[in-house]
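Engineer: The residues making up each chain are set out below.
Number of protein chains: 6
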Amino acid sequence: MKPEKKHKIVTFGEILMRLSPQDYNCFVQAQQADIFYGGTEANVAVALARMGCETSHVTTLPDDFTGASAKGHLNRYGVDTSFVACNNAPLGIYFLEQGVVHRPGRIVYNRSHSSFAETDPDEFDWEKILDDASWFHWTGITPAISSGAFRALKDALQVAHNKGITVSTDPVYRGNLWQYDADPSATLREMVPLSTVFMGGPEEINMLFGTYFEEEEFEDAAKFLMAECPVIRNVVQKTRSSVNASRHEIASRCWDGKRLYVSDPIEITPVVDRIGTGDAFAAGLIYGMLHYNWDEALQFANATSALKHTIPGDACLLSADDITGVIRSGFNGRIIR
Amino acid sequence: MKPEKKHKIVTFGEILMRLSPQDYNCFVQAQQADIFYGGTEANVAVALARMGCETSHVTTLPDDFTGASAKGHLNRYGVDTSFVACNNAPLGIYFLEQGVVHRPGRIVYNRSHSSFAETDPDEFDWEKILDDASWFHWTGITPAISSGAFRALKDALQVAHNKGITVSTDPVYRGNLWQYDADPSATLREMVPLSTVFMGGPEEINMLFGTYFEEEEFEDAAKFLMAECPVIRNVVQKTRSSVNASRHEIASRCWDGKRLYVSDPIEITPVVDRIGTGDAFAAGLIYGMLHYNWDEALQFANATSALKHTIPGDACLLSADDITGVIRSGFNGRIIR
Amino acid sequence: MKPEKKHKIVTFGEILMRLSPQDYNCFVQAQQADIFYGGTEANVAVALARMGCETSHVTTLPDDFTGASAKGHLNRYGVDTSFVACNNAPLGIYFLEQGVVHRPGRIVYNRSHSSFAETDPDEFDWEKILDDASWFHWTGITPAISSGAFRALKDALQVAHNKGITVSTDPVYRGNLWQYDADPSATLREMVPLSTVFMGGPEEINMLFGTYFEEEEFEDAAKFLMAECPVIRNVVQKTRSSVNASRHEIASRCWDGKRLYVSDPIEITPVVDRIGTGDAFAAGLIYGMLHYNWDEALQFANATSALKHTIPGDACLLSADDITGVIRSGFNGRIIR
Amino acid sequence: MKPEKKHKIVTFGEILMRLSPQDYNCFVQAQQADIFYGGTEANVAVALARMGCETSHVTTLPDDFTGASAKGHLNRYGVDTSFVACNNAPLGIYFLEQGVVHRPGRIVYNRSHSSFAETDPDEFDWEKILDDASWFHWTGITPAISSGAFRALKDALQVAHNKGITVSTDPVYRGNLWQYDADPSATLREMVPLSTVFMGGPEEINMLFGTYFEEEEFEDAAKFLMAECPVIRNVVQKTRSSVNASRHEIASRCWDGKRLYVSDPIEITPVVDRIGTGDAFAAGLIYGMLHYNWDEALQFANATSALKHTIPGDACLLSADDITGVIRSGFNGRIIR
Amino acid sequence: MKPEKKHKIVTFGEILMRLSPQDYNCFVQAQQADIFYGGTEANVAVALARMGCETSHVTTLPDDFTGASAKGHLNRYGVDTSFVACNNAPLGIYFLEQGVVHRPGRIVYNRSHSSFAETDPDEFDWEKILDDASWFHWTGITPAISSGAFRALKDALQVAHNKGITVSTDPVYRGNLWQYDADPSATLREMVPLSTVFMGGPEEINMLFGTYFEEEEFEDAAKFLMAECPVIRNVVQKTRSSVNASRHEIASRCWDGKRLYVSDPIEITPVVDRIGTGDAFAAGLIYGMLHYNWDEALQFANATSALKHTIPGDACLLSADDITGVIRSGFNGRIIR
Amino acid sequence: MKPEKKHKIVTFGEILMRLSPQDYNCFVQAQQADIFYGGTEANVAVALARMGCETSHVTTLPDDFTGASAKGHLNRYGVDTSFVACNNAPLGIYFLEQGVVHRPGRIVYNRSHSSFAETDPDEFDWEKILDDASWFHWTGITPAISSGAFRALKDALQVAHNKGITVSTDPVYRGNLWQYDADPSATLREMVPLSTVFMGGPEEINMLFGTYFEEEEFEDAAKFLMAECPVIRNVVQKTRSSVNASRHEIASRCWDGKRLYVSDPIEITPVVDRIGTGDAFAAGLIYGMLHYNWDEALQFANATSALKHTIPGDACLLSADDITGVIRSGFNGRIIR
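Protein chains in written order, with our numbering: chain A, 10 to 346; chain B, 10 to 346; chain C, 10 to 346; chain D, 10 to 346; chain E, 10 to 346; chain F, 10 to 346.
Treat the hints as calculated values from the structure; they're not laboratory data. Glycine included, every Cβ here is placed at the ideal spot set by N, Cα and C. Mixed in with the good hints there might be a few duds.
[Unchecked claim] List time: in silico EDC-like cross-link candidates among lysine to aspartate or glutamate, alpha-carbon distance up to 20 Å:
hint : chain 1 : residue 1 : chain 2 : residue 2
1    : D       : 17        : D       : 140
2    : F       : 17        : D       : 89
3    : E       : 17        : E       : 43
4    : A       : 172       : A       : 136
5    : B       : 17        : A       : 136
6    : B       : 172       : B       : 63
7    : C       : 232       : C       : 190
8    : A       : 267       : A       : 330
9    : C       : 17        : E       : 212
10   : C       : 163       : C       : 190
11   : A       : 17        : B       : 330
12   : D       : 17        : F       : 89
13   : E       : 17        : C       : 199
14   : A       : 137       : A       : 63
15   : F       : 172       : F       : 136
16   : D       : 163       : D       : 237
17   : F       : 172       : F       : 63
18   : C       : 232       : C       : 199
[Stated by the list, open to error] Residues of chain E placed beyond 12 Å of chain C at every Cβ, according to the derived structure:
hint : residue
19   : 16
20   : 33
21   : 85
22   : 181
23   : 193
24   : 199
25   : 237
26   : 249
27   : 262
28   : 268
29   : 326
30   : 328
31   : 331
Chain A with its partners taken away, still in its complex shape (with noise of 0.2 Å):
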C-alpha cells in the first residue's frame, strides 16, 4: 500500500499469452487451459512491481481484447504502460504441458509472426521513455525475435548508455528463436558491452565469445568478459542442478571485479511452476542492488526465485515484506496469521 517508489526500472520485451491445462493433464487430454501472461523481461517489470519499485513495459501489442488483456495482466500488478505500441499482427502464444516428476514440461510457440515480432522501431522514443529511469533490463530473447525488435531494443540500450543508466541483461541464448537472418553471437555482442550487470556464467560467455570456460571457471569466465566489455561492473550467475522436473536446486554467485560471492543453495520439491523462475532472480537481484549488499542482493534474489517456483503463472507476485519475511524466518514455511 506504500509502495517506496524511488527507483524506476523500464524493461522491453515480448509478453505471450500462456495456455497451459490444469493439474498436470496432458494437453491431448485437456479441455480447458488457464491463461496467464507472461514474457521474462516482462515477469522482471511485475515482481518488481509487486516489490514495490516503479516500473515500466515498453512491447508492441495487438490492437484487439488479447493485446488489451495483456496489458490488463501488467496494470493489474502495478506495472506502468504508457509506452506500449499496437498493431494488427496476432499475440504471441505458447502452450505448456506442465512437467511433473520424470515428465518433462513441454511448451509449443506460436509467436513467429506475432505483433511483437513486427515491431516498428521508430514507435518508440526512448528518450521519454527512458527520462526519468534508473535502470533498464534486457534478455537475449528480444533480438532473437526479429531485426525490428532487436534495432528498438538497439536504440532503447544506446539512450540509456548515454543516459548514464544502470543496463542489466540476461543474455540468454535460444537457437530455434533466431529465424530471421543474423548472426545471433555478433548480434549479442553488439549490445553486451553497453550492459553494466550481466546474469550469465561461463556457458553464455562462451556463446558470446567463442571461449571455451568450465563450469568451474566462473571467475575466470567474468574476468574474461570484463576485460573485454568494459562497461560491465558485474557478472552474477544463477545455478540450477534439477533431480527431476520437480526437484530442483538452486544457488548463485557473483564477481564484482573484486570478490566473489557464493550463495548457500536451496533445494525445492514440489515444484509448482518452474516458468519464470530465472525472471524472478534476475527482478530479486535489481530489487537487491538497488537496497542491499552484495550478500544480502544473492540471497534475496535467490529467495525470490525459490519462491516463484510456488507461484502459478509466469511472474512472481510477492512484495518485498513477503521475501524478506520468508528469508527471517529460515524458510520454515509456517502459516502467518
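Model the placement of chains B, C, D, E and F on the given structure of chain A, informed by the hints.
Structural biologist: Okay, now just chains B, C, D, E and F, sitting in the frame of chain A:
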C-alpha cells in the same frame, strides 16, 4: 490501445469483495465462489477507464492481500489508485446469490466495520487529488457508510465546487445502510446542491425534500429540484421495469432546464448479471455528456447499462467503440470477426 | 434458524446419485460432472426440511463412501436419517444431460441392482419410525423398483393407516422401471386406497382403474377416484405445458370433495433445472396443507415448483419465508439486500 | 453403436483451436478458457460421423501436441484422419467471446501463418483419398486461406468431378480472410461449377457473378446460377434472422430445378453456442439428401442447425436418431428417460 | 452407517467461513475461492462425528444464508446443531493463501465483529445442552474473541464441572485475537483448572503461569501444571517440526501423573492442507481416550492428525475404521478396493 | 503424426467409467468429479495407440450415451473399436478417491451387472477380429467378471493360439471380483498355457499352481512356470515398493529361458495418478519387445510405467518419442521447448 485522455474523472467510495456462487447455485449448496470487486462509484471509474477515459478512484483499503487484490482490480482495467488510503480494518464483503426467473437475487453484507467505514477524512488531500480533474462522481451510498466517509465526501464536494468541476451524483437511498447517527435526507441535502448532474427521479427527489411527486411527474419534479438546487443543470433518470429476475426493460429521460429528452426502451432477456447496471448507466451518461449531444448521450448510457446486464461482475468492461458498434448495429448481436 | 418443528413428515424411497455435465455439455464431450443426490421422495423431505419442517427420510444405502455421501446430503439440509438401512449393493445412479431449448434432457439409469432395489423389508420397524409422525409421503416409483421395496412400502402404509397419519401419494407410473414380476396397476391399487391425498389427475386415475377420463374431466375423474378409494380426501393435480426444454408453464387444480380450486399459471423461462420440480410441488403442497387454506396452499405449491426450476440439483432449497416472499412480491424477482 | 456405413463423405479444410472464456466472461477478465477444435468443413465431418456416416477429414496439422489434440478431437467423434498431412507451422487459433443478448460475440483470429495456410498441395493423393467416397464437401473459407490451400482444393474438386462424386459447397465469402494475391470471386468461380449442391442464396450468387438479385428473388437467382453452372442440381439456402445474440430464427428453402421447397421457421431462445450452426445445417442437409425426400431433408437440416445452437463447441454431436426424435416430438424438449 | 453412539461430545466455539484460492494461487491473482467452514472446536466435533461419535456443536450464527450454510456443514457430517444461537451480526471469515514449500500460508481474518463475537451468554441453557453429554471440549480461542464468548464458555465449564463431565482443552494463545479488555493469562487461568485433559506443553504452561520450562522439560512442566490444577488428569502435547510448508513431522507425548508416553514421529510430505491438523489431533485423542489405552490413543491421535494433512478443508472426514486401517497397514498408502 | 503401423495389437476386456473427485477431496465432501474411462486391457490399447501402434480394443458397451462416451475415449487416442459389441446393461463404474501420503486411495465399484458382465460370447467373430493381428493381450480381470466374459476370452485365446499370434497376459488375481461360480485358479490355468508372455512373478505363479515360491525365487518360479506351460517364452515381473501413496519405487526383471534381466529401480515422488501404472508397464513392454532388445525393452516398460504415475486418468498418453526422450535425458525432467 490509444485511449483519449482529455478528461479526468475522479470517483470516491467503497470497493467491496463480491463472492457469488456460480451457475445459479444457492449459497447453502455452494462450495466455490467467484471473486469480484465492486462498488457503485468504483464501477463507474472502471467502466469509464475501459471506455478510454482517464480516471482515478479514491477509497480506503486494508493493508493486506485483500486490499491489494481490490487495488489490482482497479489497476487492471486502467483506473489510477494513487490516492487510495489504507488502514487495518477488513475489506467490506458482500455475498450474492444471483437471481434467475422468479427467484430474486439475495445479498448478505459484511461491511459495517470495513476499512472504508473506518475512513479517516484527513487522509485525503482533495486539492491535490482533484488538481487536474474535470469530473467528480459520488453516490448516496458513501455518506450512509460512516461519518468519516461522509466527511471525506463533503470535503471533496467543497473542493470540487470551488474548482468548478462538474459533479454528478446518484443520490441512491438505502435505509439499512445508514447505521450511524445521521439523518439521511438532511445529510444528502447538504451535498446534492453542490452537484451539477442529478441522476434520479421523483422517488429520489421525494426522499430528499419530502415531496410527493408521482413517477409520471418527472418534469415537474426536475423543475422543483433545479429550483431548490440552482447548481444542478441536468436531471437524468434511468427507469427499469422488471418482469422477473431474468427479464428487464430499461429506459431513461432527461430534463436540462429547457427540454425533455426521452429514450426508447431496451428489453434485456436473459439477464446475465444484474449488479452494477445502474453504475454502467452513470458511466455511459458521463461519457456521453463529454462526447455527444443529449439524444446520443442518453442512447449511449442506455446501451452501456443494457450491455452491463450481459457481463459477469460489477462493472461494464466494454470500450466506447464496442458500445457505439452495438448501437450502430441496431443491437442485433451479430458476431464480430 | 428458528424452524417450527410441530409436524414430522416421513418419506420412503430411493436416493440416487445424479451425475450431470455442466454448461449444457453433451455427455459424449464431458470430462467433468456435477454430483447431486436425489430421489422423488427424498427431494420432498429435503424441501420440507429447508422450509422448516421436521422430516425423516427412510431408505437403504450402501455401506461405502457413496452411501455416506448420500446420507450427508440429506443431513446437510436438515433431514433425519436415523432409520436408514444399509447393505452392500451399489448406490443407484442416473446420468443426466440437461435439456435446453429444443434439445431434450436425457437420462441414463443404473439402478436395477441398486442398494435400494435390494431393500430388505424386515430392516424397517415402522411402528417406531412413524411413532411421532404426522405425515407420510410415497410415490409410484418405489413399488416399481423391486418386491422388497414394494413390501417395505406396503408395511409402512398399513402402519400409517392404522395410526391415522395423513398419507400423500404421487402415484407416478414409469413403465420401464417395473422390471420385476408384478402388475403395476394392481400393485398401485393395493396402496392408493390407503392414502388421503392423491397427487394426480385423469392420466393417473386411468392408469390405475382402466378408465378413459379426458384431461378436461378432472372433476369427474376425482369424484370417481374418491368413490373407489373412500380414504382419499383430496385430489390435487399439477399440470405442465412445455413449449420446449427452456420454457414451461405450470399450474394446478384441486378437488376436495366439495369444491374445485384452480390456480393461476406461472410461466418459467429460462428453465435452469427441470429435475424435481414435481417433487417441489408435492413438498409445497404438504407445507401448504399444514399451514394455509386451499387457495393459498395451491399458490404455495405452485410457487415452490416454479422456483425449483431455477435451482441446480434435485430438491428445492428455499425456506418457507423465501417462498412467501416471492409470492408477496408478485414474482418480480427484485434483488433482496 | 451400429451406424450404417454405406456412404463415405470426405471434407477438406482448416481445423482451428477455439479458446473461449466460460460463463459469458469478457476476454479481458477471463483467466480460463474452454478448448474446442473446429472448422467449417471439419464440423460437417464430425456432425455426419456422429449421425452414423463414414467420414474422413483431410487437412494439414502441426506435428506437435496441438496437432495431436485436434486429430484426437476428430477421431473421438468417429472421423477418419488417415489422410491428414503435417508440417511445422502452428495450429490456427481463434479466440471467442460468446455473445449474449445485445452483446455480440467477438472473434480474434490467429491463422494467417497457420499449419493449414502452409498446406503443400502435393501432400494429398486425391485419387486415393476419394477412392471409395460418395460425397465431397468444401466451403469458400479454404481457397481464401492461401494459394496452397486453394490448389489442394482445386485438385480435389477435379478428381471428385472426374469420379462423379456428389460435391456440395457452402461458398461463404469472408473478405478479411483473403490475404494472398487472388481475386475471390474469380477464384470461387473456378470451383463452384464443379459442385453439384450449392448452399447459398442471392447474396452468394451476387458475390460470385456480380449480379443484383434481391433476397426475395431466390428462385430467379437459383435459376441463373444453374444456367451458369450446369453441374449444379440443387440450390439450398439457409436463412437466419436474429433479434439479438440470444434469440435467432432459422429457416431454409431449396430449388431443385423444378420445384421450390420452403421450410417452416424455428425460433431458438436462448442460444447456447452460435458457432457452427451453419455447418450443422450443411451436415443435416447432406444426411437428409442421402436418406430422405426434399421436404424431410430440409426439415432434418433445420432441426440439426437448431439443435446445434444448444451444444457447446463447434460441431453438432447428436445421432440421427436423436434428431429425428426431436422432430417427431414436435420440438417439445421433454426429458427422455 | 452403524456408528456407535455411546458417548456424546459437546464443543463450543466460533465457526468461520474459509475462502481459499485453488491450486496454490496467490490471493492477488485469484478469481475463485473454495468455500469451507471451520473453527477449532467445530473441527473437533466434525471429526468425532465422522468417526462415529454423537456430537453437538454450540455456537452463534447469523440468521442469513451464510449462517444456514455453516450449519449445513455441521449437519452434513453428522454434528447436531440443536443448540446453536443466532443473531444479526455477520459470519466470521478468514481468507487463506495455502502455503507450499518455502512460501508460508497466509491468513487474513474478518472476525472482530462477527456473529460469534456478539455472542449473548444468556442464549445458552448449559444444563440442558450438557444433559446427556460425557465430554466437553474447549480451546483458548473462544475466550479471546469477546467477553460474551468468554462468559458463555465460563458458564459451560462450571456446569460441566458440576456434572462431572470430562473436559478437554487446547489452551492455545493467539495474541492478536485478544482485542477486548481482558488479561489473557488470567482469563485462561480461570478456566483451565476446570478441565481434566490439558492438550499443551511447556509453552502453553509458561504462558499461563509465567514459568520458564524448556521444551525438553515436558514432564516437569506437566507435574507443575497438575499441582496447580488438581482436576487435570492428563497432559498431552502434540509436537511438530516443519522443514517447510510442504514437509512436516508430527509426534506427541503424554503424562498421566504416573507415566510418560512418547509416540513415534510421522513425516508428512507433501502437505495438502495444513489447517485443522491440531484439531484433528484433539479429536483423535478424545476418540482414543474413549476407546483405547494410552499407547493406542496417542497413535490414533497422531494418525488422525497426519491424515488431516491430506484432506482439503478444516476438519478430518475419516471414519474410525479408515484411521485404524491406515495404522494397521503401517501407513503404506496402498489402494483399498 | 506419422506412426508406424506395422504391428496390430488386439486387447479384450471391460472399460469402466471412472469418477474421481479433484484436488484430493474425499468423496463425502465432493460436488464434482472428473470423468475418465479405463480398464486394464483398454489402457494397454490406448497407451500402445498413442505410442504409434495399430490397436483394436474388443469389449461390450451399452447402447446409450455412456457407451458412446467410452467408445469416444478409445477412438480419441487412436484405438479401433470396430469390433465392440453392445447391449442394454449399464456401463461399469468405479468411484475413486485419490490417495495421497498416508491416506490410501479408495475404490468403490459398480460393475457386477455391467454391460461387459453381460457379454454374449457369440457376438465376437475372433477369426475376423484377429485376422491381421500380431499380438493379443489379456488379463486375469476378464475371466473373473462373468462366465460370458470368460468364454469370449477363451475363444479368443484359442483362435490366437491357432494363428500363432503372440499372446501376453497379466494374470492378476482379485478375489472379490470372482462372483460367479468358478474356480479362479483352475479357470486361469485353462488360459495361461495359451500365452507366450507371462507378466507376473512368484505370487501369481503360486496362486495359479499352489506353489510356495518366495519373492526372491523369481528365476526358479519362472523356470517352473515355463515347464508347466511350454508355450510361455518370457516371464516378466514388475515390482513396486511404496513408502506411501505419494512415493513409490518401481523396477522389473525378466527370465527368457536363458538369462535373467534386472532393471534399475525408478523412484516416483510425488505420485500424481496411481491407476493404470501396471497397464502402462504392460504396454511399454509390448512396445519394447516389438522394437528393442530385452535390456532396452525393460527400460522402456519401466519408463512408461514411471511416467504414467504423472498422468491423470487410467492410461499413458505419451508417444514413443516422448518416452525415449525421457530415457535419453536421464529422467531429468527439463522443459522441452
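Engineer: Please name the hints from earlier in the document that this structure breaks, with their numbers sorted from lowest to highest.
Structural biologist: 3, 5, 7, 8, 9, 11, 13, 21, 29, 30, 31
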